[in-house]
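K.L.:
Chains as they are written, first to last, in my numbering: chain Y, 1 to 301; chain G, 1 to 301; chain W, 1 to 301; chain P, 1 to 301.
It is possible that some hints are incorrect.
Just so you know, same-sequence chains aren't split out, so a pair can sit in one copy or run between any two.
With a cut-off of at most 30 angstroms between alpha-carbon atoms, the simulated DSBU-like pairs for lysine-lysine come out as follows [said to hold, decoys possible]: (1) K206 x K71; (2) K69 x K249; (3) K71 x K249; (4) K150 x K69; (5) K206 x K150; (6) K69 x K206; (7) K150 x K249; (8) K71 x K150.
The hints are simulated quantities; they were obtained by calculation from the structure and are not laboratory data. Since the structure is predicted, the reported quantities are computational estimates derived from the model, not experimental observations.
If you want the building blocks of each chain, they are given just below.
4 protein chains.
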Amino acid sequence: MTIVLGSNRYGKAENRIVRIYRDTPRHEIHDVSVSTALHGDFAAAHLVGDQLHVLPTDTQKQTAYSFAKEKGLLSIESYGIDLATHFVDHIEPVAGARIEIEEFAWERVVVDGAEHNHTWVRRGQEVRTAAISVEGTGPAQQVWVVGGLKDLVILKSTGSEFAGFMQDPYTLLQPTNDRVMATSVTAGWRFMTTDVDWEATYAGIKQILITQFATVHSLALQQTLYRMGEAVLEAYPFIAEIRLSAPNKHHFLYDLSPFNVANNDEVYHAADRPYGLIQATITHDDAPDAGPAWDSYTGLV
Amino acid sequence: MTIVLGSNRYGKAENRIVRIYRDTPRHEIHDVSVSTALHGDFAAAHLVGDQLHVLPTDTQKQTAYSFAKEKGLLSIESYGIDLATHFVDHIEPVAGARIEIEEFAWERVVVDGAEHNHTWVRRGQEVRTAAISVEGTGPAQQVWVVGGLKDLVILKSTGSEFAGFMQDPYTLLQPTNDRVMATSVTAGWRFMTTDVDWEATYAGIKQILITQFATVHSLALQQTLYRMGEAVLEAYPFIAEIRLSAPNKHHFLYDLSPFNVANNDEVYHAADRPYGLIQATITHDDAPDAGPAWDSYTGLV
Amino acid sequence: MTIVLGSNRYGKAENRIVRIYRDTPRHEIHDVSVSTALHGDFAAAHLVGDQLHVLPTDTQKQTAYSFAKEKGLLSIESYGIDLATHFVDHIEPVAGARIEIEEFAWERVVVDGAEHNHTWVRRGQEVRTAAISVEGTGPAQQVWVVGGLKDLVILKSTGSEFAGFMQDPYTLLQPTNDRVMATSVTAGWRFMTTDVDWEATYAGIKQILITQFATVHSLALQQTLYRMGEAVLEAYPFIAEIRLSAPNKHHFLYDLSPFNVANNDEVYHAADRPYGLIQATITHDDAPDAGPAWDSYTGLV
Amino acid sequence: MTIVLGSNRYGKAENRIVRIYRDTPRHEIHDVSVSTALHGDFAAAHLVGDQLHVLPTDTQKQTAYSFAKEKGLLSIESYGIDLATHFVDHIEPVAGARIEIEEFAWERVVVDGAEHNHTWVRRGQEVRTAAISVEGTGPAQQVWVVGGLKDLVILKSTGSEFAGFMQDPYTLLQPTNDRVMATSVTAGWRFMTTDVDWEATYAGIKQILITQFATVHSLALQQTLYRMGEAVLEAYPFIAEIRLSAPNKHHFLYDLSPFNVANNDEVYHAADRPYGLIQATITHDDAPDAGPAWDSYTGLV
């Protein structure tokens with residue numbers, strides 16, 4: 001029985017880069033958190049502490065900041081591809097790179113009815129995400145891109161039921177035909193190509209997710225999620241699959257009957273924990289292999 | 001030397017109440033966190049554990065939820081006045097009540113070009129706040145209302161300087177005539193009346209704060225804050241004073257010169273800590289006494 | 001009606017300083033977050049953006065780090081006094097300074113039965129705090145020191161009641177004669193002198209707070225808090241007053257009766273929100289004036 | 001090209017269960033957060049909203065609380081096995097269950113030199129974790145158990161180098177032969193059996209991790225992690241593999257030379273972001289298949 005080094009990676013997490021475009025008086029802002037992770041033949045560093053083939057995480061940071069100017073930072077997907085490809089192509093011991101990016105949205109303030117040139121407020125709604133994996137060099141090089149979002153908190157005050165469910169001896173829940181349904185959507189969608197209008201696609205997918213949540217009469221959060229994902233795949237044939245994670249942010253109807261106050265679905269307690277958590281993948285049945293596309297750097301390797 | 005009970009209060013913090021108005025198909029939502037605090041003659045509870053005059057915090061919670069229906073929850077200021085007055089007027093041992101409220105904004109989603117009737121996304125920008133203090137009963141009763149906001153994150157990419165400052169042996173900072181200025185505004189404004197259009201006033205003040213931040217050419221965050229507050233007081237004569245707290249969320253220009261990359265105020269590092277913190281009060285010189293208006297329940301009593 | 005600048009202050013918040021003492025192989029560590037706030041005649045900065053009398057917040061930061069070596073960082077109270085006095089004595093426009101410090105505790109790891117010389121784990125229990133205010137110069141100079149702690153989470157599984165309380169139409173709560181009582185103590189104690197063994201006093205007060213919580217049979221959290229504070233004042237006559245803030249971290253007995261499972265005070269749900277919040281001051285009746293001792297920098301000025 | 005439902009699961013996350021053992025005056029406390037996730041044939045719920053085979057997440061919650069009494073909650077690993085097995089064995093549509101648990105440690109307070117019977121403070125150091133996956137029924141049933149911890153913050157003030165690393169045009173970092181090394185360890189270890197003394201094993205592994213961190217002279221965090229993992233596998237042959245994730249919590253030596261103050265590795269700035277992030281698996285070369293052992297419920301399915 002031999003003890004060996006298994007999978008491993010390293011990098012610099014959460015570089016907080018803000019890129020201003022200021023070539024005209026109307027500036028543009030891109031505000032991101034970038035994490036880089038490299039893997040390859042780094043066994044010597046682990047086994048004997050030899051750093052000869054280890055590109056410091058500080059160097060990865062410097063590169064990430066410099067690329068915001070050298071390559072530009074307009075779409076996080078293309079910036080991430082540039083950065084990942086650089087590490088794989090130019091740093092010899094690197095076999096593969098993963099870049100994870102969060103983008104924080106700002107909206108231009110309006111002054112005297114006009115959008116201001118160089119002032120914004122944080123929009124604070126959802127966070128846009130991207131994860132790029134590049135493996136190998138030359139003709140064998142493969143690139144996986146996952147776009148996504150998180151923290152999209154959405155609520156409907158009617159049009160949602162939960163009834164007809166399974167019963168066992170621990171089942172106390174009462175069925176309901178009209179409830180508040182709320183969630184905080186995390187979604188990732190995997191592209192089958194990099195020839196994409198990243199900005200338009202992001203906006204389109206977000207609108208589809210919202211529209212489906214609003215308009216599907218929901219018999220369960222599972223059903224709503226499926227319809228959200230299905231609509232995205234129907235609209236964008238170059239997306240292989242979409243994965244959704246949705247906490248059921250419970251809003252419990254508050255019992256006001258002891259006070260002789262009618263509560264006709266009007267007053268709720270918004271609970272913190274516990275919460276239901278529903279996760280689903282909607283995919284093409286012949287989707288290409290996902291490879292490392294979903295191997296998040298925030299989990300254990 | 002005698003040990004005695006000093007100031008004290010108690011209540012129920014962070015009741016997460018969601019109120020839906022659904023009298024027409026176009027629902028409305030109000031999503032708040034309500035904290036109640038009572039003070040009065042509660043010495044027996046402290047000194048000998050006698051609860052005879054202690055209205056349980058659970059009862060305060062029940063009241064807060066029920067009032068969302070009984071009194072309605074349209075403006076947090078008026079709801080807070082209703083709740084505070086109730087405790088002072090109807091619970092005999094209570095000499096004064098303080099209600100602190102945070103309101104989380106939702107915006108209606110747009111589906112097929114039209115605002116949806118019953119689906120929203122959390123706007124996630126600033127949190128609106130209110131603090132109501134009521135002291136005494138009958139003709140002697142006094143009411144203080146402080147409106148406010150927090151977490152309004154705002155940034156300008158030019159139009160901000162910091163130069164000509166004091167020097168001492170620990171001063172290393174270089175002056176700058178063009179920098180990114182960003183902050184997360186916390187503000188509270190004290191009303192001199194309760195005869196107010198709370199919704200219009202909130203919207204108006206927020207717009208003034210944003211407009212001043214955007215349009216004042218800033219020589220220092222102090223100057224910007226003063227002008228923000230001054231403009232609010234000029235526009236709303238029934239506001240006695242405004243208090244502002246603004247962290248200087250530093251954006252440091254990133255040095256790309258080692259890589260022979262020009263950085264013309266384009267690439268920044270957004271730092272977390274430490275941060276400058278500027279606080280100021282802008283007030284009428286003859287403002288009426290603030291009483292307990294600013295005695296926040298989140299601090300020590 | 002004239003608009004004027006009211007109270008104001010500025011500084012550098014959350015400097016994360018780690019000080020290692022390494023004069024012998026047995027190192028010592030002090031890990032703190034330091035915030036500095038200055039006030040004085042800074043009207044020109046607010047009114048016209050003139051920085052001539054403004055010591056930059058960056059300079060305050062440099063001073064805080066340098067003083068960790070120059071003056072040492074053994075007790076946060078004495079370090080804070082050094083720093084506050086420096087700003088008031090040596091920076092001409094400064095009338096008063098406030099230093100707020102949090103200290104994070106580390107405990108030495110044990111290897112082969114012996115404490116290790118230079119390795120620690122974060123203890124992660126309570127955070128020790130100090131707030132120092134210095135006003136004026138020369139013989140008129142006054143110094144206020146408040147020691148304290150926060151996040152001391154403590155629980156007792158019996159020895160706590162809540163019964164005999166006031167009833168009104170909104171009261172649903174049932175009395176109980178045996179409950180779990182848990183809280184997260186925030187405490188501040190104000191010294192009447194600076195001639196104090198800071199380390200021994202901190203350890204002594206923490207032990208008293210814990211002992212009283214454990215051993216007082218509690219009829220209400222109010223009563224427990226009073227006894228905690230009273231015991232501190234009895235033990236340390238140089239403490240003028242102590243202020244306590246204690247959320248009632250509710251542990252609700254879980255109803256297992258639908259499953260025919262007995263729950264003899266054994267299974268609880270630990271709730272997040274809402275929570276009761278009890279605050280009290282225990283003081284000497286002739287305590288000297290508190291001055292600015294309690295004017296926390298985290299609130300509005 | 002057909003759109004289909006891919007992998008999916010659902011459950012109740014973050015049930016905050018506190019279990020008191022009170023059969024003698026010396027009580028015991030177990031404080032956990034339990035998440036349950038089920039998978040199986042739930043396609044009807046997704047595709048057409050049919051709940052007939054869906055055991056509500058509320059029922060999963062009720063079961064988790066009841067099992068804390070019915071089965072007991074002494075070791076989180078065995079409690080998790082009981083709960084997972086229940087869902088797979090007794091809920092017909094369930095093909096597999098995953099239970100994830102966090103345990104928060106309390107330590108008995110000491111009063112008058114003796115441990116108190118029923119009062120504790122939260123220890124607040126690391127959080128113990130467990131993840132149990134059960135797949136299939138009857139003789140084909142398989143069980144995977146991963147023990148672990150997170151948030152073990154550990155620091156050494158000497159005995160750590162980083163030098164001799166790779167250089168590229170973006171490399172600015174200077175080598176160092178004496179630095180502060182600090183991290184917050186997340187670890188998971190996979191058992192090859194369920195016949196384990198869970199408590200002794202947890203304590204033993206934690207001690208090994210700490211000892212190795214303290215005593216290995218570190219040439220890189222990678223090397224330290226490998227030695228930590230290797231030592232665990234050497235001591236516990238029934239552990240198949242251990243996975244470690246360790247942020248390099250940078251402590252930057254503060255430059256005091258402008259003030260003519262010597263800083264002999266004594267004053268540091270503790271930085272928040274960005275941070276290095278090192279991840280590694282140390283494994284037996286013939287470890288059995290990991291199956292779903294590492295499929296965390298907090299990520300996308």
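K.L.:
Hint by hint, say whether it matches the structure.
P.N.:
Status of the hints after comparison with the structure:
| no. | hint | result |
| --- | --- | --- |
| 1 | K206 x K71 | within (26 angstroms within a copy, 38 angstroms between copies) |
| 2 | K69 x K249 | between (41 angstroms within a copy, 22 angstroms between copies) |
| 3 | K71 x K249 | between (41 angstroms within a copy, 26 angstroms between copies) |
| 4 | K150 x K69 | within (27 angstroms within a copy, 33 angstroms between copies) |
| 5 | K206 x K150 | both (11 angstroms within a copy, 27 angstroms between copies) |
| 6 | K69 x K206 | within (28 angstroms within a copy, 35 angstroms between copies) |
| 7 | K150 x K249 | both (15 angstroms within a copy, 24 angstroms between copies) |
| 8 | K71 x K150 | within (26 angstroms within a copy, 36 angstroms between copies) |
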